Each structure stands twice: as C-alpha cells, then as structure tokens.
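Asks: What follows is the residue order along each chain.
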Amino acid sequence: MQTKGDGAGGAYNGFGADWTPTNLTETEAKRATGWVEARIDKRFLLTGKDRKEDVRDIMWQLEKDGEIVVHRVADHHAPELAKTLYGWDKKIPTTNLWHHKSCGQCGNIPGYPSSVLWIMNQLGLDYLDETDQTSCTAWNYHGSGIGNVVSLAAVFLRNMHQAYVSAKAHGLPVGTYYPLIHCGTSFGNYKEIRGFLLHSAELRAEVKKILGKLGRLVDGKLLIPEEIVHYSEWLHMMRHRIAARQTIDVSAVRATVHPACHVYKMVPEDVIYDDTVLNGDRVAVTTGLLQTLGAQVIDYSTWYDCCGFGFRHIIGEREFTRSFAIDRKIKVAVEEARSDVMIGHDTGCITTLDKNQWIGRAVGKVYALPVMADCQFAALTMGAHPYKLAQLHWHASPFEELLEKMGIDWEQAKAEFVAYLDEVKAGRIETLYDPRRAITSGPGYVKPPKTLQGA
Amino acid sequence: MTAHAKLPTPPIADPVSDRAPVPQEALEAIFDDIRKHPLYDHEIHGCLNCGICTATCPSAQYYDYSPREIVQLLWTENLEGIYDAMQEKIWACAQCYTCAARCPFENSPGGLVMILREVAIKHELPSVKEVLRPFSRVLLKVVTTGNQLAPNMITRDAFPDWGPNVTKVDAPLMVLRKAIPMPTMHTLDTAWEVNLRTSVELYTIWEATGVLKQLATVDANLFDVVSDVMDEKRDEWEEWLEDNQDEDGDTDD
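Protein chains in written order, with this note's numbering: chain X, 1 to 455; chain Y, 456 to 708.
Calculated directly from the structure, the hints in this document are not laboratory data.
All figures in this text were calculated on a predicted structure; none of them were measured in a lab.
Glycine residues also receive a C-beta, built at the ideal position from the N, C-alpha and C atoms.
There may be inaccurate statements among the hints.
[Unchecked claim] Facing chain X, from chain Y, some residues (calculated, C-beta under 7 Å):
#1 553
#2 556
#3 559
#4 621
#5 638
#6 663
#7 667
#8 668
#9 671
So that you can see chain X by itself, here it is in the shape it has in the complex (with noise of 0.2 Å):
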C-alpha cells in the first residue's frame, strides 16, 4: 500500500514511469485484495499444482509391487498428525522412539540429547539409546566430497534396519521401536536419499546387493521408513505436555530462532509448517514451542540465512564460519532483535553459533549471546538442572545471566555439579536408563531368556 511520503514519484522505488499510485486508505487496499484471501489457499498455487510429487505415494506402490518393505508409524508409536509445507499429513511417533544420535552433538553439545531424553522421562515416554548406530556420515560428505549417494543410501537404510530390529535384543517384537533423528543433516540427508531411493531402480538394486552382505534387508526386501522424522518434529508435537509442565517463567525472555538449512531446505515439502506460528509462513518447529511456552519470539532481518557452519569451513575454512556467524547472525540478533537467546534445533548450528563469538573480540565486534537448542531450553522451563542435565558447561557463550533472567539460580546449580562430579569421580552416576540396555549385540550384550526371544 502507498502511503504518504512513501516515494510517490513511483519511479524512485524502480516501478517504471508509468506507475501511479494508488491512493488507497489501509481499509480500501484491504477490500482492493482480500477476495484473493478468501477465496484461494495461500498454498493452493502450490498443491494444486501435479508437478509436486509426494515420493511417499511411489513408496507405497513399491510395497505393494513386493519390492520394498515400510516401517510403519504404527498404533504403539502413539502417532499425532502434523501439517508440511503443502498442507499434506504427516505422522509424527511420540513414544517407543529409537534414538538416531548426532555425532556433532554428543561429541560437543551432549546436553542437546540428554535434554531430549529427559523430557521423555518426565513425559513417561519410552525410548532406546543404543550403541549399535553410525552417524549418517553425511557431514563428511558435505565437507569432502568422500562418499557417494550408494555410500549414503547404504549407510541410512543400514541404521533405519538396526531401529526395526533393534528391540529383537530386549525380547521384543521387531517394529518396536520408531527412528528419531536427531542431526538436521540426517534428517535433510535421509529424506533427500529416502527420495533418490524410492526414484531409482538401479539404487535400490545397488544398496540391495550391500544390505543383503549385512544381512540387513526384511524378507529380501529394503526396508524404508515410513516417515523420516526430526527430533524438533517429536517435540513441537509435545509442546503442550511440555508446557503443562513448566516450572520457569519465560515470559521476560526475548528469544531469536536460527531455523537449520539441512531441516527446511532440504526436501522442504516434508517440513512443519503450522498456519497458527509465524501464520504459516516459515516453518513451524521451535518457534511454536517457545510461543507455547510463552517466550518473546523476536523477528529478525538474516532469519533465513545459514551459520556459516560449511561442514568444510568450520573445520578448514574458519575466517568464513566465524566472520559469517558473527556478522549474519549473532550481530543482527543482538543489535537488532535485542535477543537475550538463540535458540536452533540443529548440531553444526548450535556449535558454529555458540563457539565463534569470542573471537569477535580480536576485530572489536564484542557480543556474547547465549546459544542453546530448543529442547535445553524446554528441559530448563520444566526445571532440568542446567549443568547435570542441560550440561550447559559445554558452552562457550555466557548463559548465566540468560538463567538469572529465568530465575535459576545458576551459581548454586553449578556448586552443586562441581560435588556430583566427585560423585562421579568415585564411580556413583546418575542416568536417565539403564545402562544395559544400550548393548544390543556383540561384546557386552546378555541375551533375554529363551522364553522372551522371537517374542
């Protein structure tokens, strides 16, 4: 709408010479446009539209030709419906979850995962963690160009096979267990594989020939997930129960979102996206979490852009990830949003984020931002310890004030992790499971009862 003082000249905003404006009032320009509004779905252009394939149709007819087998989202997963980009349906598992960890994070932010699995305690959800997993070695892919889209197909249905089988090793039924991933890249990756898989012949037969070496394939046939699903997917579905169970006031705290590329970028068709959370517009895991727990979600001019993580540059290229990160991001959510937390939903994200602004200091761009993912933040508002559970030590941006604002008494917190370590120290941990159940095979592992195997 042009409004006074707005450029009126027209060719000054670059429309052309023949460009007049309007006029209109706020209420005229309305009625001028709203029928587009009433009458068409701001997605219709897109789902009407046969040229956007949903791969999990082929997926389907390949079972039914006999060729491949789903792992269902089934009953015993609990299962509640989100909407993606096309307003297509999409089956997110609540329990019976079979944890898909993140090498970045439980090698640098571990109380990323901790935080996840702790909710579930609260939540009464059940869940496997276990050692019989690779990463999705798709960060090396990213970065070095070793590996390939056989190499990465193998790798996903391999995992994707040990999370069926995987609750065989406890007694119970194959199918127990639902993937959880936990990486964004894995997420992006698996999905973009899932779809190259379920398009080509020649992989399938490719990957088949490898699966069948590791004894990895269900009645002969590749087994392929029915939905691949992230773990900010899990939790944006439980952001109710979460918030039900909030102990921490947030309502003080102005929060920024860094949404990962490798999450909505890739495959965006099968992202979140929710008409009630930032009105559909942009996806809708984290930033409806922090809504429903009542944070200040503060827009900002660089949402969409990425952190400068490289998968190559973080390790080689540094001047780039750091330079990228404090400039694009950290600078505009402080100066800008006047953001008192970042909050991400992914692994090279959170790292890059977090552990590249002190050495803003070197150039005089002084920020120090807390950076944490949004389920360490969740785990806080239900009152997880920040340092045994939330592991917030591993941080190298200053969250304590950040705590103070919460009302967490941080120092007291940490004095009180400084005593558990010597708790640590002579032997007596703490953990969120059993620890025997994460060996499911091999050197470790103690077989159920006759009576309890082939259950």
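Put chain Y on the given structure of chain X with help from the hints.
Replies: Leaving out everything else, chain Y in the frame of chain X:
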C-alpha cells in the same frame, strides 16, 4: 555427440601461467563423469540466469563464488570454465542449500557442487589434496568409527579461536563425559560408544561403494592407517564370533 565436441578444440591454457595446457580430451572426460553422475539430471533443469541463488548464497558474500555461475557453466557445457571452477570455487560452497530452496527451476546448485567435488576427487585435480588436508583427522575418525567427531578432538589447541571457555567447569575430560546422564556417551574417542559389529558393517559399505578408493586418492598414508584399523577391528569381531557360538550354532549377537 554433444555441442561442445563439435567445436574447434584448441588446448586450454592460462595465458599468464607456464602451466601446461589441459588437453580437450581430459576436459571432456571430466564433463562426461559429471553428466553421467546418477544425480545430475535431478539437480539441473534449466537456468534463466535470474541469480536468486547467488543473491541468497552465504559463500558469495565472502568468496569469488556464485552458484549461478556454476549452473550456467554446466548448462552451457563450458568445459574450460567447469575445469577452472573445479580448482577452487567449488570448495567455497557452504552446502546450506539455500540456493536449491529458492531456485524457480528447482535446480540444486549445492547438489551440483557435490557432484563436481566427487568428480574432482576421481580425477585427482591438484586442488583436492590441498583443500582436504585439514580434513584428514576427521576422515580418519569417520571412516574407522562412523562418528565424524570425538570429544577428545575438541581441544583448546585445535580450536584456539573458540576462546578459553570451551568448557566452563574445570575437570578431567573423562570425568565430565561420565557426568553426562547418557551411558552411550561415556567415551573420549568417539561421540558415543560404537558397537563393534556396527564398525565392521560400515567397512563393508565403504569397500562396496568405492569410498576407500576415494580415500586412497586423497591421502595414501591415511588410507594405510585406515586399512590397519579396519583389519584389527575385523579380527576382533571374528574372534568374538568364534568365542560366542552357542550350542545351536547361533552367536549371541
């Protein structure tokens, strides 16, 4: 027969360098590998030169790199330009796929870059070894364990620019790891404890998919080290299998 093969084909050379010209046959062999890549047709569909990819590209802000240029070079089959871009430019891409999310043609310049990187490794282009040298520690870790990263790789010496607060509680690393309430993470050499069978299965995947061959091309010494680790773990697994045969002939796995 493609358009480029019909054109006059003088050897390609840099006019201000003494470097020997690259024969046309070598350029064609590289382009043939790009074009035959199983994902090539999926990643490129056309290009209007609109440049929205470059406008949103993080790397374009810091490097002499443009995803639009990459797509144009491939779309117009500019063999000399492709070869030139494969020396350095393709390594600038941050792999965020913002370009792919924005392209009205549903091209994936980021995906095309991955094809170019794979082909650069296959053809042993001079830049590859240099670019991937800092990656060798990571390659060793990921190929031998399936984990990209381990807690004992994150040290102040390795990442001095991360500052003094890499951990805010001063205690031995192993004690801090055991204070994480997930038993799978009480480790130093891998991000989580990796089952022996998992590693052995991964080696089969590497061998069957040509990944070890790629590794040998990039770093022969690293390949030797990786091969030794793989042999050791396989022996360990075989021994465990022999020791754990039960009366039914089944193993306890």
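Asks: Now look at each hint and say whether the structure bears it out.
Replies: Here's how the hints hold up against the structure:
Residue-level restraint check for residue 553 of chain Y holds (minimum Cβ-Cβ distance to chain X is 6 Å; threshold 7 Å). Taken as an interface hint, residue 556 of chain Y checks out: its beta carbon lies about 4 Å from the nearest beta carbon of chain X, inside 7 Å. Annotation: interface hint on residue 559 of chain Y violated; nearest CB of chain X at approximately 12 Å, more than 7 Å. The interface hint given for residue 621 of chain Y is met, as the beta carbon of that residue sits about 6 Å from the closest beta carbon of chain X, less than 7 Å.
Taken as an interface hint, residue 638 of chain Y checks out: its beta carbon lies about 4 Å from the nearest beta carbon of chain X, inside 7 Å. Among the interface hints, the one on residue 663 of chain Y holds; its C-beta lies about 5 Å from the nearest C-beta in chain X, closer than the 7 Å criterion. A distance limit of 7 Å between C-beta atoms decides the matter here; for residue 667 of chain Y the minimum to chain X is near 10 Å, and the interface restraint is violated. With a least beta-carbon distance of about 10 Å to chain X, the hint placing residue 668 of chain Y at the interface is violated under the 7 Å criterion.
The interface hint given for residue 671 of chain Y is broken, as the beta carbon of that residue sits about 11 Å from the closest beta carbon of chain X, more than 7 Å.
Consistency note: the structure conflicts with the earlier hints numbered 3, 7, 8, 9.
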